[in-house]
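Q: Read off the chains here:
There are 2 protein chains.
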Amino acid sequence: MPNMKYNPVSIIRKKREGDPLTKEEIQFLIQSYTADQIPDYQMSAFLMASFLNGLNSDEAAALTYSMLHSGIIVDLSHISGKKVDKHSTGGVGDKLSLILAPIVASCGVPVPMISGRGLGHSGGTLDKLESIPGFNVDITLDRYKEIIKKHNLVLAGQTEEIAPADKRLYSLRDVTATVESIPLIAGSIMSKKLAEGIDALVLDVKFGSGAFMKNIDDAKELAETLVSIGEQFGKETIAYLTNMNQPLGYAIGNWLEVKESIDCLKGIGPDDVMEITHLLAGTMIYLGNKADSIDEGIEMSHDAIENGAAFQKWVDIVEEHGGDVSVIKNPDQYPNVKFKVDVSSIGSGVITKMDTYAMGMISLELGAGRRSKEDDVDPQAGIMLHKKIGGKVERDETFATLYTNKEESIDEAVKNLKAAIELADELQNPLKSITHRVDKDGIHEYQ
Amino acid sequence: MPNMKYNPVSIIRKKREGDPLTKEEIQFLIQSYTADQIPDYQMSAFLMASFLNGLNSDEAAALTYSMLHSGIIVDLSHISGKKVDKHSTGGVGDKLSLILAPIVASCGVPVPMISGRGLGHSGGTLDKLESIPGFNVDITLDRYKEIIKKHNLVLAGQTEEIAPADKRLYSLRDVTATVESIPLIAGSIMSKKLAEGIDALVLDVKFGSGAFMKNIDDAKELAETLVSIGEQFGKETIAYLTNMNQPLGYAIGNWLEVKESIDCLKGIGPDDVMEITHLLAGTMIYLGNKADSIDEGIEMSHDAIENGAAFQKWVDIVEEHGGDVSVIKNPDQYPNVKFKVDVSSIGSGVITKMDTYAMGMISLELGAGRRSKEDDVDPQAGIMLHKKIGGKVERDETFATLYTNKEESIDEAVKNLKAAIELADELQNPLKSITHRVDKDGIHEYQ
Chain A
221 MPNMKYNPVS IIRKKREGDP LTKEEIQFLI QSYTADQIPD YQMSAFLMAS FLNGLNSDEA
281 AALTYSMLHS GIIVDLSHIS GKKVDKHSTG GVGDKLSLIL APIVASCGVP VPMISGRGLG
341 HSGGTLDKLE SIPGFNVDIT LDRYKEIIKK HNLVLAGQTE EIAPADKRLY SLRDVTATVE
401 SIPLIAGSIM SKKLAEGIDA LVLDVKFGSG AFMKNIDDAK ELAETLVSIG EQFGKETIAY
461 LTNMNQPLGY AIGNWLEVKE SIDCLKGIGP DDVMEITHLL AGTMIYLGNK ADSIDEGIEM
521 SHDAIENGAA FQKWVDIVEE HGGDVSVIKN PDQYPNVKFK VDVSSIGSGV ITKMDTYAMG
581 MISLELGAGR RSKEDDVDPQ AGIMLHKKIG GKVERDETFA TLYTNKEESI DEAVKNLKAA
641 IELADELQNP LKSITHRVDK DGIHEYQ
Chain B
221 MPNMKYNPVS IIRKKREGDP LTKEEIQFLI QSYTADQIPD YQMSAFLMAS FLNGLNSDEA
281 AALTYSMLHS GIIVDLSHIS GKKVDKHSTG GVGDKLSLIL APIVASCGVP VPMISGRGLG
341 HSGGTLDKLE SIPGFNVDIT LDRYKEIIKK HNLVLAGQTE EIAPADKRLY SLRDVTATVE
401 SIPLIAGSIM SKKLAEGIDA LVLDVKFGSG AFMKNIDDAK ELAETLVSIG EQFGKETIAY
461 LTNMNQPLGY AIGNWLEVKE SIDCLKGIGP DDVMEITHLL AGTMIYLGNK ADSIDEGIEM
521 SHDAIENGAA FQKWVDIVEE HGGDVSVIKN PDQYPNVKFK VDVSSIGSGV ITKMDTYAMG
581 MISLELGAGR RSKEDDVDPQ AGIMLHKKIG GKVERDETFA TLYTNKEESI DEAVKNLKAA
641 IELADELQNP LKSITHRVDK DGIHEYQ
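Residue numbers (this note's numbering), protein chains in the order written: chain A, 221 to 667; chain B, 221 to 667.
Hint data in this document are derived by calculation from the structure and do not stem from the laboratory. It should be emphasised that the depicted structure is a prediction, and the values quoted were computed from it without experimental measurement. There could be a bad hint or two in this list.
Pairs of lysine-lysine, BS3-like flavour, derived with a Cα cap of 27 Å [said to hold, decoys possible]: (1) A:K434 x B:K234; (2) B:K593 x A:K234; (3) A:K593 x B:K234; (4) B:K593 x A:K302; (5) B:K387 x A:K234; (6) B:K225 x A:K593; (7) A:K234 x B:K225; (8) A:K387 x B:K234; (9) B:K593 x A:K225; (10) A:K638 x A:K573; (11) B:K434 x A:K440; (12) A:K369 x A:K302; (13) A:K607 x B:K434.
This is chain A alone, in the form it adopts within the complex (with noise of 0.2 Å):
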């Protein structure tokens, strides 16, 4: 490769020596990389170097900066007002976008909204979305621009144009494992959501045994990651750590969640989901400047839900993306699915602890998610949860029920979530469902 004005294997080199890269030696990597002129080879052996030596605070926003600029950015200069969106690390049961964007759009700050598919444990919202019959989140970039323009709001899945190189090094880091570093962790996010033609953005940073994060220390690094990078780009950046020792609400599972984010749209959500929906929808509001703090953007979300604008914002949306109304309207005219099993407590007491992480694993496996990206979801099957962390349950009480189609996996899904909960005489610790907010001026603990 005789024109290269970087040698691969020094930069390589350099990274594996623990030395910080500049933007121009990433940026070669990045570009180099894309246009297929540095094979995978070298690619994983950077990504593992990187890995584990790291990636200061200047090169991630670099790595970003070059996988943003391989592909488009969507210029969104035709809507006034500063246009904001929220991203969510992932977790189990997280159906929060679903009813925090008609609440923010409700409010008047445009939320343009690309989302992602579910994985492993972890649930997506385009699965949720897609859970209603109709809904189409493959659309035009003319048509996504349309629709915010009409609605202040647009959910669409990520297209090829946006941050090719994103899904490259993802791909490879999947099959190289590199997957869970802090740094390439927030390029690959921050890449995505800049491209969205956002002005500011909130972050949902999960830890917990149900999030990618199991610990909190983990979860504050990522979380200040994400905000310096939002920072460097001028972009103001807010991230909340909440805990995902517990699935969000009581459903789990696309089409449940969907239903359950409709009681949310109508005053009737869970409490831990509208604690963290009000503070997301409110620090959104206050960042797209229509209110002048986040208590009183909290309180403008509060509002929206109230007098109906979040819900009749949802309404519209789903009928402008071909979604059928009349199951948001009546969700119980939703298609029944075929098997719902009770499954009740081998053990009587308070629940400590639940296993989040299987809980997501156990919803897959009853058809609600995917292994792996090639495969198909059913938006019926899932988990209903009848008790959380700090309910009591008697012996052979019923405390979830499963909903699948799948019967073969009946059986073992039940001795799983019978053993996915913990119980003992009393509750000694509560979980606090938001314990830090991270922005420009650094960490601060929450309340």
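Got chain A sorted already, so can you dock chain B onto it with the hints?
A: Below, chain B alone, put in the same frame as chain A:
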């Protein structure tokens, strides 16, 4: 890959986390890679993880085992007695193999020697042998067995049949910045040496400016790893740490080094060359059960020079390999190089330092070495030193002579060679040629 017993991603992840791999996991990786069932990009991620997290001695032995068994292991059971070889980690002016192999063979110990070519600043035994007109190192396995049977000695190049996995891995390491890893280096060396059909091995592990290991601690670690692997394979292995902070002897370059070797075999070699040669040869004779101690082996080595047996062995083996014996007997008959250029000192004083790496690179530029594997080498090119560390030079006194057929390389070489020596009023700390011995009992200071 459904019928795979192990998952390559899990193995890479395990090494990434710093956990030791089992012998079976390493064997699975190497075998699958050699069989094209694992792609380069997974192997390079594994190599980088191994580079950064290390491989323990069991893992290094398992790696060696897998690479060794990727090819043939020469069966020398038709040769009676213990077969002993020597391996050097490479340096500048290192012609020891050419001297000690005939010494040891003439003392009755069979020496099956498979050597490599030079690369970068470091010379290779094969290139030196091929500077003898007609000398053929490309021999079949049958011929290899026949020559060692006849002469107790064979000097051959590596064939495709020897450790093919190592060859593939080395090529990948070369382009992924994963060369300089002690366990990977050790596995590469030992898989090739163990394939020769040896019973015992002597290792010359060099440290200093002209060696691959610049500092002695790395050299110690490499020596310990090599000895540990050898012992795990049931081959008695002794390593010496020797000093490469100045070239070995006065000659650098292929034919120039053969010529100096002839002097050595005639009993008029430089002291530093002979000191290490006798030690390594004596150790080989001892390991080959032809002496009761290393000291006795050293005495026998001296005798073999003095009584002419070693030189006769050299003449015989050159003839057997098709080499022109007349230039061995009368080196002055060797064709003349086009340019001989004296290089003089820019100051006066005692030489206290020689940039040995630079001297290796200057010799390369004069034509004696290769930048990449595909390059040809010029047998005539190189450097003859007239002074070494501790030697006194006056201003403008010649301290070296360049030999080259490339007129265009001369000016730069003269300039660089002048800059490659340091002078002072006196030499504070004379170099010690041999500093440590490493055997199965550990590391010992030498003398």
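Q: Could you run down the list of hints and mark each one as holding or not?
A: The hints, checked one at a time:
1. Our distance criterion of 27 Å between C-alpha atoms is met by K434 of chain A and K234 of chain B, whose separation comes to about 18 Å.
2. Between the alpha carbons of K593 of chain B and K234 of chain A the distance comes to roughly 24 Å, so the proposed pair stays at or under 27 Å and holds.
3. Restraint check for K593 of chain A and K234 of chain B: the C-alpha separation of about 24 Å stays at or below 27 Å, so the hint holds.
4. With a C-alpha separation of about 59 Å, the suggested pairing of K593 of chain B with K302 of chain A is violated against the 27 Å cut-off.
5. The straight-line distance between the Cα atoms of K387 of chain B and K234 of chain A is roughly 25 Å, inside the 27 Å bound, and the hint therefore holds.
6. Simply put, K225 of chain B and K593 of chain A have alpha-carbon atoms about 23 Å apart, close enough for the 27 Å limit, and the pair holds.
7. For the given pair, K234 of chain A sits about 36 Å from K225 of chain B by alpha-carbon distance, which is inconsistent with the 27 Å threshold.
8. Note on K387 of chain A and K234 of chain B: the hinted pairing holds, with a Cα-Cα distance of about 25 Å set against a maximum of 27 Å.
9. Among the hinted pairs, K593 of chain B with K225 of chain A is consistent with the structure: their alpha-carbon atoms are about 23 Å apart, no more than 27 Å.
10. With a CA separation close to 12 Å, the supplied pair K638 of chain A and K573 of chain A stays within the 27 Å bound.
11. Distance restraint check for K434 of chain B and K440 of chain A: the Cα-Cα separation of roughly 41 Å exceeds the 27 Å cut-off, and the hinted pair is therefore not satisfied.
12. Annotation: proposed proximity of K369 of chain A to K302 of chain A holds, straight-line Cα distance about 13 Å (limit 27 Å).
13. Restraint check for K607 of chain A and K434 of chain B: not satisfied, since their Cα atoms lie roughly 65 Å apart, outside the 27 Å limit.
Going through the hint list in order, the structure does not satisfy hints 4, 7, 11, 13.
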